[in-house]
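*Asks:* Here the protein sequences come in this chain order: A, B, C and D.
Just so you know, the working numbering puts 90 at position 90 of the first sequence, and the rest follows in order with no gaps.
Just so you know, the working numbering puts 172 at position 172 of the second sequence, and the rest follows in order with no gaps.
Just so you know, the working numbering puts 306 at position 306 of the third sequence, and the rest follows in order with no gaps.
Just so you know, the working numbering puts 208 at position 208 of the fourth sequence, and the rest follows in order with no gaps.
FYI, nobody ran anything at the bench for these hints, they're computed from the structure.
Every value quoted in this text rests on a predicted model; they were computed, and no experiment measured them.
Backbone N, C-alpha and C define an ideal beta-carbon position, used for all residues, glycine too.
Don't take every hint at face value.
Stated by the list, open to error - The following label-pair restraints were derived from C-beta to C-beta distances:
| no. | chain 1 | residue 1 | chain 2 | residue 2 | range |
| --- | --- | --- | --- | --- | --- |
| 1 | B | 137 | A | 347 | 57 to 63 Å |
| 2 | C | 204 | D | 267 | 57 to 63 Å |
| 3 | B | 21 | A | 186 | 56 to 62 Å |
As a plain string of letters, each chain reads:
There are 4 protein chains.
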Amino acid sequence: MDEAGLNLADVAADARRRLDPTRWDYFAGGAGGERTARANEEAFARRWIVPRVLRGVGERDLEISLLGSAVSMPVLIAPTAFHRLAHPDGEVATARAAAEAGTVMVVSMAATRRVEEIAAAGGTPWFQLYPQPDLEFTTAVVRRAEAAGCRALVVTVDSPVFGRRDRDLRHGFVDLPPGMVCENMRDATGQVRDIEMDAGLSWERIAWLRGVTTLPILLKGVLHPADARLAVEHGVDGVLVSNHGGRQLDGALATLDALPAVVEAVAGRLPVLLDGGVRRGVDVLVALALGASAVLVGRPVLWGLAVGGAAGVRHVLELLRADLDGALALAGATRPGDLGVDLIAPAARP
Amino acid sequence: MDEAGLNLADVAADARRRLDPTRWDYFAGGAGGERTARANEEAFARRWIVPRVLRGVGERDLEISLLGSAVSMPVLIAPTAFHRLAHPDGEVATARAAAEAGTVMVVSMAATRRVEEIAAAGGTPWFQLYPQPDLEFTTAVVRRAEAAGCRALVVTVDSPVFGRRDRDLRHGFVDLPPGMVCENMRDATGQVRDIEMDAGLSWERIAWLRGVTTLPILLKGVLHPADARLAVEHGVDGVLVSNHGGRQLDGALATLDALPAVVEAVAGRLPVLLDGGVRRGVDVLVALALGASAVLVGRPVLWGLAVGGAAGVRHVLELLRADLDGALALAGATRPGDLGVDLIAPAARP
Amino acid sequence: MDEAGLNLADVAADARRRLDPTRWDYFAGGAGGERTARANEEAFARRWIVPRVLRGVGERDLEISLLGSAVSMPVLIAPTAFHRLAHPDGEVATARAAAEAGTVMVVSMAATRRVEEIAAAGGTPWFQLYPQPDLEFTTAVVRRAEAAGCRALVVTVDSPVFGRRDRDLRHGFVDLPPGMVCENMRDATGQVRDIEMDAGLSWERIAWLRGVTTLPILLKGVLHPADARLAVEHGVDGVLVSNHGGRQLDGALATLDALPAVVEAVAGRLPVLLDGGVRRGVDVLVALALGASAVLVGRPVLWGLAVGGAAGVRHVLELLRADLDGALALAGATRPGDLGVDLIAPAARP
Amino acid sequence: MDEAGLNLADVAADARRRLDPTRWDYFAGGAGGERTARANEEAFARRWIVPRVLRGVGERDLEISLLGSAVSMPVLIAPTAFHRLAHPDGEVATARAAAEAGTVMVVSMAATRRVEEIAAAGGTPWFQLYPQPDLEFTTAVVRRAEAAGCRALVVTVDSPVFGRRDRDLRHGFVDLPPGMVCENMRDATGQVRDIEMDAGLSWERIAWLRGVTTLPILLKGVLHPADARLAVEHGVDGVLVSNHGGRQLDGALATLDALPAVVEAVAGRLPVLLDGGVRRGVDVLVALALGASAVLVGRPVLWGLAVGGAAGVRHVLELLRADLDGALALAGATRPGDLGVDLIAPAARP
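Using the sequences and the hints, build the whole thing.
*Replies:* So this is what it looks like as structure tokens:
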């Protein structure tokens, strides 16, 4: 499937050709001057690997266990909005690819397909939640995700307000095209609600949510080690080091640069995941060597989706898998758990 | 008012189109190779924020108290010369925008409108002073500013000689156009004096000035911590970390880089302000997290003025206010006083 | 012979003009995003020399002793594949140049000429080995190299799998042109075997190889100091700090950056060689000052070969020799052994 | 005289237009990849000044005392070869400008005018010497410089061999044009000798030279602190931190980066001078703040000479003087001796 792109940069270029600029920019853009969006990628380019040799790496296995489930590789699909802007099949195509690849898709609350359809495509989806000020409605959304078979909640905590994205403002991109809505924001009457960013969101709501569901809860958007410690104290099940792909606070630290302090603060009591800037298998390796349990990819999945629907997403996932597998071997490791900080050159360690 | 520009870079581009190159370059240029002018902006791009989450930031308030007055946000208008070069209304337009925005305009001694007219536009202006060798005349200028209602004196101390600015020399920019003068440099006979840079200026003159007026005195142009300590000892009311927008000593340290040592030297005994390179709300946040009480913006105000007079300046101020408000929320803060150095990534701290 | 190029950049440009893009890219390319390939060169550009003066450097001598043999300068020829892609004479031309220059050619296992012919061209070749899973065949290859007169084995340990090189994939470069084969991969029946990357390769195989031959054994591809210590413990005769010219693990540390920790780990018990990024005589000087006993050059030799066969390779070697000789004098040294770490500026030391 | 250039970059551009490329490149070029030539300038761009204010700088005086003579400013003229390639008047024009400016010209041993004529143009020239293997001839050259009135010897110690400069090799620049010779290399018979680079040069020759003349001796080309200490021990009168403008060892440390360790090693026992990369008055200020007693400028003088003969050189010197004078005032200093390391931002200190 080489005509689908030898690497993710190829896939991105192909997607850009296919998407109209408003949609491309909606996916590609970041907040403000987009320096955090760039920094996420650049942070990986500053890390250098000191590989081990002669370690007998013939039998490699990328599978990890996360929140009690087996995942075929430490690369998951980050929640991103509006997949139907990339491909008519929308999130259902993404879910099919995730299922085929044996990895987890985190379904966005801003999905343009119903969570039931998405879950029916197979796999073990998780559900991303912006807790809404209307607690009853929030509960209803959680119940619906549970009923559809979602295995975890990924609660976004980095969005008390909506990030200002100049590309969208320039395009006048405000509403989804006719016929496309956030299908999982329908209330009991079938009306589609707007997703509200709740500036008042606080740890109390996390405690409340903990009481609402027995699903594992991950907090998405933790960058500060003090918040990571609070996450442990509040009994959540994991933290996701994320700056929302640079789409919320421009100037926020690159996720890879934030990772080590969060890992140190958590001290093994919770799994730490990361998203932002992962574009090569070796990026996955670096994040894992610095303490992440897994990474999530967002934009690359949308590129694959735009290029080829489910097959395109699958291609993106398999490129990353093959690349990571090779990097693992070349670094002298046979499984994700073998990777440690001594593989990262000291000058490039945080 | 989006056609007025989504961000300050838009406003700058628009202003550049409208202004003739001599005037644009007069405002944009710096001394020598202009590396300090560039460094002021670049210093912000080297700082990264580690935001806090889940802090309940629904009720934000940008107001600060400065020298006993309330200011609606920690963004003031820096003193800059010759506003009539940007717009026929000159400093009166700027003052009107400041008043509407509830912030302080520092009126330049090189204003092209009379301080009485400027103050009459509303608001609580401060007055910038180059102390002149003629003490009697200096006293008269101070009295005039007092009488007009100015609430503080901002004494420029970084200009014992005039910075050499190659752009102005190339354009042969020496005199203001006919009909435009420094209206506040008229002596008792109505003659307009030239502003003299007094190379002999020393702490004794500050002590003298302290005896001349009861207005609060801020020293503008302090970069060295030893001078900040001397400022405290001489009983002034605040220091403004400034390198004159890179227009005096090319090679001078970027203001954001100078800020922490000044803050440490002052140790809370005086408010520390900063100007130079502030172009986004997040820049304000960074300066405040590193210890500034407020920042001042110079060139952006002139851009707004050139684009749309008072409305253009207002647009610039409201862009910064909205941007700062969002950044505050996204960093987990509700008011300027919440911002501390732990929000700045350690590697990027000074 | 100035029309052959004043420096290696000239030779590279000339070679690029002469070679078809598939072959140029095969030689020039690296794995993945090629950042390790670039980093190898850039690492030299970050080191600065603090030369000594007035040391009476009239009688310089570049000769070194390596594994018991005299070599006319501390610049050897790295093993690279497929010399007939660069010039019809292939590795025989390279060997002739090496012999004339009094230096060592490391013959690649992927040579397109027979090792017997190559050795017959003169000089003291070494032989590079990818240990094959078929031990009997591996033994046969070693015996053949011994019989041809090779003086050492250079065992590549950085290639448990084959690096993914996008340039080759884009060109569809898979097989050698008709009539060109890996001549030293013929088995007893005359059939040419493929070179296998053995992912299971481990220290046991090194121990086994140590029992197979009395030739000195160098391990090529050591970057991690822990592996350097293991190399000492396993009784090999030298280590070659290499990342395979950036062709295996993209993201691997630049060799010059890896060198000091390896030198420290080995603590003089073995010679430490380096390849990757050497393009000027002063690069050789820097590597030696940081503890290398000698360096090897790969791509530059191929450039010379493409431009002028044996004469072209000779030109490359003599450019480096003259450049190193001058650099030695200008740094106040008369022989390689005079070079120490105090010649490298502290800020640029690792 | 603004049409002569507002700054040295203007003068350089003008000179480049006037000179044929072979001559421009002879002056502009460096050894090898020219990274040391670039680094000399870039080292200044990495230093930032923390100016002092309110220090009463009305009465400034740039004069310094050097080797017992008064010099009107801490900017001297570095020895450079072949001034007649830049202007028909050659070194006599340069000397006239130096005399008018009240500064020292260091006459190159490769001057194209006779030292007697040069000295007759006024001022207090010093003489640069490449000690020749023929001691008798060397003595004769020294005697001739003494007789002409030179006040010091500047002995070049960084040139045991001739730096390889690709630009000159490309142009085939080997010999001076007909009618132009190194006038001060004539022997007793009037024959012009070639200047030999003596690879055997050592401290013994410095001791010998010390016995030959009573003139002050400066060593030009000291970068290593160990050599600076040896210079003190050998009783010379000063050291000049220089890398020959990047024309000898490409990769040598930038002079500004080498300065602090040399200053520390010398510990005030000798004056330390610096050349290389000085292009602005603020560069002079930085070098002095880091411990230099004075700086020398080479290429800028040749640019001025090419543009306007003696007047062009004078313009270059007066640009630097005015620029330094302004920088001194703006940094809060009245004389070179006021400048200390606390004016340099800590992060940018070596």
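*Asks:* Confirm or reject the claim that residue 137 of chain B and residue 347 of chain A have a C-beta distance inside 57 to 63 Å.
*Replies:* 59 Å Cβ-Cβ, so the 57 to 63 Å window holds.
*Asks:* Could you say whether the range 57 to 63 Å given as a hint is met by the Cβ separation of residue 204 of chain C and residue 267 of chain D?
*Replies:* holds (59 Å)
*Asks:* CB of residue 21 of chain B to CB of residue 186 of chain A, is that within 56 to 62 Å?
*Replies:* holds (57 Å)
Of the numbered hints stated above, none is contradicted by the structure.
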